[in-house]
Structure formats: C-alpha cells, structure tokens
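Fit chain A to the supplied structure of chain X, relying on the hints for placement.
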Amino acid sequence: MPRYVVERTFPDGWHVPADTEGAELCLAIGERNADEGVTWLHSYVSNDRTKSFCVYEAPTPEAIRRTAVRNDLPVDVITQVRVLDPYFYD
Amino acid sequence: MPRTIALTVLGLLRARRGDPGQSAPLDEAWALSEPTGESLRMGPAAAARAAAAWLEGRPEDVAGATQAALEVAARARFPWVVGELACWRWRAGIGEAVPDGAAEPYAVQIAGEWARAAQLWTDLGCPYEAALALADADEEEPLRRALNELQRLGARQAAAIVARRLRVRGATGLPRGPRPTTEGNPVGLTAREMEVLALVAQGLRNAEIAERLVLAAKTVDHHVSAILRKLDVRTRGQASAEAIRLRLVGQDR
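Chains as they are written, first to last, in numbering that gives the first Met the number 0: chain X, 0 to 89; chain A, 0 to 252.
Quick look at which bits of chain X chain A covers, simulated, 3 or more residues with Cβ under 8 Å:
id	segment
1	14-25
2	57-69
3	77-86
Quick caveat, the hints were computed from the structure, so don't treat them as lab data. Because the structure is a prediction, the values reported are computed rather than measured. We put the CB at the ideal spot given by N, CA and C, even for glycine.
Bound-form chain X, shown alone (with noise of 0.2 Å):
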C-alpha cells in the first residue's frame, strides 16, 4: 500500500480533545477511512496547532481525498513518500 504525507493547515489550531470526545472523533475518523481503504498512521502537528502533517496509508491519493471531505478535513499537500531508516546501517 502506498504511503503518502498529507499536509493541512488549520486557521483556527487544530484541537482534539485529550478524553472520551476525543477519542470518540479519532475512532470516527478512523472508521470512515476504513471504508476507502485509508489508515491513518500518526501525524506530527506544530506546536501552534496550525499545521498538521499527516502519515498515511492508502490505495489512492484521491481516496484520501474523499475521506477528508467526509471528515471535513483540509488538505493542501499530498506527497507520495518512502520509509528512510537511519539506523538501517547500525
């Protein structure tokens, strides 16, 4: 499956609650990706909340494009990417 690093920006921060609605908006989130076929795997988010990167797996780059749009998810850059291990010579 592909991997891709999808690239939002959030005027407003992006706030997800530390508790049960939370984690209720991340299992929903998960479970509509699921029916495109898209794993959410982490994402790294700058420390004003306004920029979020977004490491994901998925068949197409317009999968995650339907998924954002019933998540109500913005997406500005969606780039193909490969694992580079630096540690792999160890």
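Positioned in the frame of chain X, the structure of chain A alone reads:
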C-alpha cells in the same frame, strides 16, 4: 475508449491538484490511444500530457507530447482537439502558425486576446479554462483574479504558477489558499433536521422531540435517520459529537 478517458481524467485531475501519481495513468492513456490513429482518442490523451508537462514546469516536453495527435486532428478537422493542442504548444512557447479551424476560444487566446478568451470560456461554463486565459495577462488585476479562481477550484499547480508570475511583478499580500474550511452547513441538513439535531444533542428521546416540535413520532424517526445518514454516523451519541465538532449546535449542554 472508456478506459483511456478514465485514465486521462484521473491523470489530469492529479496533475491539476498537484497530487502524486499523475504520469502512470497519462502514459497508459497515451499508449492505448496512439496506435488507434484516431484523433478523438489521441487528442485528449496528448492534451492531458501536455498540460501535466506545463504544470510540472517541463514546457520543453509539450512539443513531443502533442506533435502526432495535432497532425492527425488537423487532417480530420476537429476544431476543439486542434485548438486545445495548438494552445498548449503556444503556451509552451513554440512559435508556429496556428492551424486553420481551431475552435474560437483557443484561437482568440493564441491571438493574445486573453480578456475575450476568458469571457468565451466563462460563457461556455469552463471556469478552469477561463482562469488559465486570465493567467496570460500581463497586468496584476487579471492575474489576481486568475489566482483566486484557481485556488477556489483547488487547482494548486496552476495557482502556484500564477502566484509566481505575480511575485515576479512585485505583487504582495497574495492569498495562501486553498480555503481550508467548508462554509455554512457542510453536510446539507435541512432547517428541520437542524432543529431535531439540536434536541438530539441535548439528549432528548424521539418521543420527547416529537412532543417538543409538535410532530408525529414517526416523522421524528425519519428526521433522525436522515441526520445519521448525512453525518455518516451510527448512533445518536456520535451524531451529537459530530454536531459539536462541525459547530452545527452550541456546546452548552
């Protein structure tokens, strides 16, 4: 034929959005259409490859991508195919006579009349083409209009090209687009469904909602089903969480 069209549209869409993986479908579309020798198959595939080359900053690849298809289309006299291919070659800086019989908006555009070309495209209901015509302008105001329109359409690659042209002219304060949030009610709930949703979010049961809104219980059932479907959730609790997340209801419960 349908496969080449699907591949062409997919590749073109990725190229315009700046998404990865545009070359594989476009190369396959061309490989399938070229042997047919038919301009209605070759033309769209060739034009899409030319568009992708231009959007990716490889204008030198436009000539090779369009040569064979343009010859076939010119012989067969298909004005829209001829016009589109000729327009890409012109945009890529290939100085050559415009072939006879190019469709009017393309012919006008190649003649340098960007304002009239943009109007023709707008009248035809083609906003992307209209924005690209505006992008040919040598003035800041139409370029800014082109940039706004391309950002509205989510055409990130062309928007970046127009933004660069504006910056070269010293323009500042350019919008960073695309607009990240959906405006208004993003899931298309009706006014009545919004009312029902507000009461669901307050924890009311259907019978209580029916009483409050003076509706039959069955009608409320229908509204709740429609709300769950539109919010794409399975339970009332999830619907409440969605309603708050999408700011469809207040948080004061």
